[in-house]
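We have chain A; now place chain B onto it with these hints.
In the order they appear, the protein sequences are chains A and B. Per my numbering, the first sequence starts with residue 358, numbered consecutively. Per my numbering, the second sequence starts with residue 358, numbered consecutively.
The hints are all genuine.
No copy is singled out in the list; a pair is fine if it fits within one copy or between any two copies.
Derived SDA-like pairs: lysine to any residue, alpha-carbon spacing no greater than 20 Å straight-line: (1) K590 x T369; (2) K590 x R371; (3) K590 x M618; (4) K590 x R386; (5) K590 x A601; (6) K590 x E611; (7) K590 x A570; (8) K529 x R493; (9) K529 x V438.
Hints are computed from structural coordinates only; laboratory data are not their basis.
Protein chains: 2
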Amino acid sequence: MSDVTRDATTITGRTRLVAVLGDPVEQVRAPALLNRQFAAEGVDIVVIPLHVRPDDLETVVRGLQRTANLVGLLVTVPHKVDALRLADVRSEAAELAGGTNALRRLEDGSWHADNFDGAGFCAGLIEAGHQPHGTRAVLVGAGGAGAAIAPALLAAGVGHLVLHDTDEARMKEVAGRMDLHWPGRVGTATSPGLRSADMVVNATPLGMRPGDALPFDPAELRPGALVADIIMKPRETRLLRRAAELGHPVLHGEPMLRHQMDLYRSYFGAAR
Amino acid sequence: MSDVTRDATTITGRTRLVAVLGDPVEQVRAPALLNRQFAAEGVDIVVIPLHVRPDDLETVVRGLQRTANLVGLLVTVPHKVDALRLADVRSEAAELAGGTNALRRLEDGSWHADNFDGAGFCAGLIEAGHQPHGTRAVLVGAGGAGAAIAPALLAAGVGHLVLHDTDEARMKEVAGRMDLHWPGRVGTATSPGLRSADMVVNATPLGMRPGDALPFDPAELRPGALVADIIMKPRETRLLRRAAELGHPVLHGEPMLRHQMDLYRSYFGAAR
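For reference, chain A alone in the conformation it holds in the complex (with noise of 0.2 Å):
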């Protein structure tokens, strides 16, 4: 990533905007990081944070949809899966994944819906040499981003996916989903069941706070087993430290932040 950086007075009535949808949404990196890849890039799209409550959702959007250089939407927290009947077209992802972190105009004035926190995980797996082709995986949480991540593990190869949640009939209806795109590859388990898996994945946000429980213990994996966690904040969560001290490789939640800034930054550049 290039050190340019761009002068807010550089925003000019030409310039074009991304709004990122949150509640509340003081945490969001978007406008940070994706601000200066657009600078270092010469394009002349600014993302600014918008704070809008779930009841407003709607008719923010609306009026949003309506202005003519405003290229597209990230959603986060709590607005992906409301944000998803606001498109009039959804990528398969999206569906599959029940809800939207990016939403961007189509040439013909329609918005189309996508999510990349998926495939933002895959590409950081990948790049971290872990193949999921033919592996067995366990993903522990079922929330909005197990939900993407587990569509998006099945369509790069895992041969086989656990799903565990506490809440079970949020585990029981992604795993219904990702069954009828993926027969016979997806099963939910009550306990993790990590004896066999050669990568268990954490989609909770258990680890975010110094007190939180570990979402499971990695003293349970066999030998070389993967441990992955989306968790950004802190880099190393407390899963992860006690799976590095067992002698297991780790994911760290960065990559997949990273490939999905990568990810949004093409989404949006083909925006009209």
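Chain B in isolation, oriented as in the chain A frame:
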């Protein structure tokens, strides 16, 4: 003005927003000018352009009003009149001008509309040493800018104001509104009638393009009468050049813009 700049990578999730609404919007200078000033003052607000077509204005504004980190709106052509009805409260300047160029969220969540065209013009006038009090002024052009400058001149104490516009209905409507507030101090003229004026203001767009006719002929003025133009580009309009050649004091468009920016900055700095 400080030379401190702001790196757009400093736009974070905590940054608050002001959107400039126009159609077109490419020409607006507020983002560049205000972003530099906010950056110099350490105010974490960023001004962005939003291209909004007239049919979409209400939908877009209603959406923006429901966001939580947008502190206000700047409004330019052709939205100044229509945006006024989208506010809950209106300043006297906005009511008298019949349009708004700045709206902000009040502490109770309602939206306030103001208009700084007139105050910006008068501040520039006084700064240049021209006291409007007791003078006879002629205002050529009763469109959006003229309708905002007229009440500001009267509020600043102009003794008698003559309005001139080739659109007679518009001229009479603005003069009628002024006459209700300042009875007996406002007249209209189908030809400018410059002979007794102390000051003549061009508030028409004539002079923006090279081939434009003069809005009035400064040769008709008595010696020492001030000729003011609100056109920013070119800085030296044909009108001002001709007036200066004839020995008249002149006032450029720049001070009005600069004072408006100061007024916007205070207005949004106080926004919730």
